[in-house]
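Q: As a plain string of letters, each chain reads:
2 protein chains.
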Amino acid sequence: MYDMRTTYGKLPKEVLEKTVFKWLGAKRKDVLLWPAYGEDAAVVDVPKRRLVIACDPITGSRKLLGWLSVHINANDVAVCGAKPAWFSSCILLPKNDEHLFASIVKQIHRAASELHVSVITGHSEVALHISEPIIIGTMIGIVEGNKYYMTRGAKPGDKILMTKTAAIEGTAILATDLSEALSSKIDKRLLKRASMFYRKISVVNEAIKIASTGLATAMHDPTEGGLLGGLYEMSEASGTGFIVYENAIPIARETKIICETLRCDPLKLISSGTLIASFRGNYKKIISALKRAGIKAAIIGEVVPKKYGRKVIRSEGTVESIKSTVTDELWRILSEHLLQKCGTN
Amino acid sequence: MYDMRTTYGKLPKEVLEKTVFKWLGAKRKDVLLWPAYGEDAAVVDVPKRRLVIACDPITGSRKLLGWLSVHINANDVAVCGAKPAWFSSCILLPKNDEHLFASIVKQIHRAASELHVSVITGHSEVALHISEPIIIGTMIGIVEGNKYYMTRGAKPGDKILMTKTAAIEGTAILATDLSEALSSKIDKRLLKRASMFYRKISVVNEAIKIASTGLATAMHDPTEGGLLGGLYEMSEASGTGFIVYENAIPIARETKIICETLRCDPLKLISSGTLIASFRGNYKKIISALKRAGIKAAIIGEVVPKKYGRKVIRSEGTVESIKSTVTDELWRILSEHLLQKCGTN
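Chains A and B, in that order, are what the protein sequence lines are.
Each residue of the first sequence is one higher than the one before, starting from 9 at the first, in our numbering.
Each residue of the second sequence is one higher than the one before, starting from 9 at the first, in our numbering.
Be aware that one or more of the hints could be misleading.
It does not matter which identical chain is used: a pair holds within one copy or between any two.
[To be verified] DMTMM-like cross-link-like pairs, simulated, lysine to aspartate or glutamate; straight-line CA separation at most 25 Å:
| id | residue 1 | residue 2 |
| --- | --- | --- |
| 1 | Lys314 | Glu22 |
| 2 | Lys21 | Glu244 |
| 3 | Lys18 | Glu344 |
| 4 | Lys299 | Glu122 |
| 5 | Lys21 | Asp273 |
| 6 | Lys30 | Glu244 |
| 7 | Lys331 | Glu22 |
| 8 | Lys163 | Glu244 |
| 9 | Lys264 | Asp185 |
| 10 | Lys304 | Glu122 |
| 11 | Lys18 | Asp273 |
| 12 | Lys37 | Asp53 |
| 13 | Lys200 | Glu268 |
| 14 | Lys56 | Asp38 |
| 15 | Lys91 | Asp53 |
| 16 | Lys18 | Asp185 |
| 17 | Lys35 | Glu122 |
| 18 | Lys264 | Glu344 |
| 19 | Lys315 | Glu25 |
| 20 | Lys21 | Glu328 |
Derived from the structure by calculation, the hints contain no laboratory data.
Quick caveat, the model's predicted, so the values are computed rather than measured.
Okay, chain A solo, but in the shape it has when bound:
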């Protein structure tokens, strides 16, 4: 008889002991109860402070699944001005693949260690009804002092700053997933460099630095919908408009070339790794605080009253209005590529 239990359900104790009970990120002293057999929860010691909690899934069979899950959730916590501290994950696998499981858990451990984050609880099972691994991460961060930041804090008159370059994550995804198609058109070394853009995906450092200046009014990390999507979300949450200048927006050479080749807009391409912040006061103070930490930043525009709309002034001088949630270019590019591939097979 087919025994579902040997195929689905929680992973065996022996596997857990070699993986999730072993690779637990940083050894923070404030974790009182760590993951262990039979323990279904974690206990942490909290100073009288404010906590920030964020929860995001990573789906698909991407190589960096576990690593991304930590960083994406850490970003959401950091843009609130909190230092990521404790991470828990739910790992769902389509089939019992010990090697894949161990590699995911190791990635989580590595990313958590980088951020001085402990992995405190979680769940892992071979689940029915899924065909690819799914990781759902929850990150808890501690607010330094009393001030926390929200996406909704932008006010007309604030300047808008962005860190690093546009479309960091999108560049890495396209260079990796479409490497075959792109390698005939683009220099392979450039493509290799572009695929390493994943390394820039954390905005934790810059968020904490910006928070420490006390000048920001809102922070946000643009993901789906790219830089313009993130700006739309920030202005919609804040009840404002914005105006930004394409000329002022830093775009990496790798991103430019890949986007030109695929005819896609780097300002609408998934952009984890970039931080946007609205702020008042002396921008030099922020820029130099970031520079000391080795992070480049640029002033790309300003927050305006909602009635003035949400606009990007393109390099050629035309004005484009952003009137609703921005559809990410990634979906269009990947589905076009999928169709082409099906057509030629």
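Guided by the hints, dock chain B onto chain A, whose structure is given.
A: Quick look at chain B alone, frame taken from chain A:
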């Protein structure tokens, strides 16, 4: 062209505003940043205390998906002696079904309200690679005072107590999922009552009551593997053995009849809703504290040194040793039923 974006990805703002931004459980004053458009995290205010965090998925198309997600995670937090306070969920849907989504979110709201828990952050999307809805819940609870409980705290000589009856969740699942097959063999009113056993699934009240007596050494809520599976986990985590008496274990009439009909062991049937605790001292103090809260409990055996093994003395006098993780009867019963159904079609 097929636009993946209209089919997969985050749900639209309009849908979120009618659902996840509206039904947020209890209105706790310690929540500083609530779910809202563009906000990817929550902020909560924490007194100088200890927090307990638990994370579990609920998969499948079960009617009570959202409601179960809150209670199952609340149970894991409560058995550590913490009061559940804040819940976040990641809701993954196989297709865009607004009605299903709203019903899940309403269930979460209802369960959270019952427990005075606020829904503080989360994520919802139509996801690739899944064929049934999946909810991953994370619950954070606050430890009252300094003492928290672990599964691993049991010591030889402790008595073992259980609340309510065995196989509560399994009874509800079998009565619901096999109602067609069972209704020809069992009184329909009894089957109806059995399907309502879901209502007994929370162990939060009893866990908090038992914690308040200060007599418990460990608490655990048996889920997969049933009561005996839970006892195995507790003894394995504690490095002890146990001896329990089938005669002393309360089993509801509904459970008895369904298990006899399906020839399954109620002591190995999934048992959320039952709490097990090891304790020292005057059992009458615990039993009467529970009684005042309307919860029945029984002493079913004791913790022994590991070398004495893990044993259940069956009603007929035979001794059964539990030597490894208990395979839940549910998987066997459901797969047998599935095979029968396939055979007759």
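Q: All hints, please: hold or fail.
A: Against the structure, the hints:
For the homomeric pair Lys314 and Glu22, the shortest alpha-carbon distance between copies (19 Å) is at most 25 Å, but the shortest distance inside one copy (58 Å) is not. For the homomeric pair Lys21 and Glu244, the shortest alpha-carbon distance between copies (11 Å) is at most 25 Å, but the shortest distance inside one copy (47 Å) is not. Taking CA atoms no more than 25 Å apart as the test, Lys18 paired with Glu344 passes between copies only; the shortest distance there is 20 Å, against 38 Å inside one copy. Taking CA atoms no more than 25 Å apart as the test, Lys299 paired with Glu122 passes inside one copy only; the shortest distance there is 20 Å, against 50 Å between copies.
Only between protomers do Lys21 and Asp273 lie at most 25 Å apart by alpha-carbon distance; the minimum there is 23 Å, versus 48 Å within a single protomer. In this homomeric assembly, Lys30 and Glu244 come within 25 Å of each other (Cα to Cα) only across copies, at 18 Å, whereas the closest approach inside a single copy is 43 Å. In this assembly of identical chains, Lys331 and Glu22 lie within 25 Å of each other by CA distance solely across copies; the values are 15 Å between and 54 Å within a copy. In the homo-oligomer, the alpha carbons of Lys163 and Glu244 lie at most 25 Å apart inside one protomer (12 Å), although the nearest pairing across protomers, at 57 Å, exceeds that limit.
For the identical chains of this complex, Lys264 and Asp185 are intra-copy neighbours only, at 17 Å inside a copy versus 55 Å across copies, given an alpha-carbon limit of 25 Å. With identical chains, the CA atoms of Lys304 and Glu122 are at most 25 Å apart within one copy only, with a shortest distance of 20 Å there and 49 Å across copies. Only between protomers do Lys18 and Asp273 lie at most 25 Å apart by alpha-carbon distance; the minimum there is 21 Å, versus 43 Å within a single protomer. When the C-alpha separation of Lys37 and Asp53 is checked against a cutoff of 25 Å, the pair qualifies both within a copy, at 9 Å, and between copies, at 21 Å.
For a Cα distance limit of 25 Å, the shortest separation of Lys200 from Glu268 inside one copy, 17 Å, qualifies, whereas the shortest one across copies, 64 Å, does not. In this assembly of identical chains, Lys56 and Asp38 lie within 25 Å of each other by CA distance both inside one copy and across copies; the values are 13 Å within and 12 Å between. Taking the shortest Cα distances, Lys91 and Asp53 sit within 25 Å of each other both inside one copy (15 Å) and across copies (15 Å). In this assembly of identical chains, Lys18 and Asp185 lie within 25 Å of each other by CA distance solely across copies; the values are 21 Å between and 31 Å within a copy.
Only within a single protomer do Lys35 and Glu122 lie at most 25 Å apart by alpha-carbon distance; the minimum there is 12 Å, versus 36 Å between protomers. Within a single copy, Lys264 and Glu344 get their C-alpha atoms as close as 19 Å, which meets the 25 Å cut-off; across copies the closest is 58 Å, which misses it. Taking CA atoms no more than 25 Å apart as the test, Lys315 paired with Glu25 passes between copies only; the shortest distance there is 22 Å, against 58 Å inside one copy. In the homo-oligomer, the alpha carbons of Lys21 and Glu328 lie at most 25 Å apart only across protomers (22 Å), although the nearest pairing inside one protomer, at 56 Å, exceeds that limit.
When each numbered hint is compared with the structure, no violation occurs for any of them.
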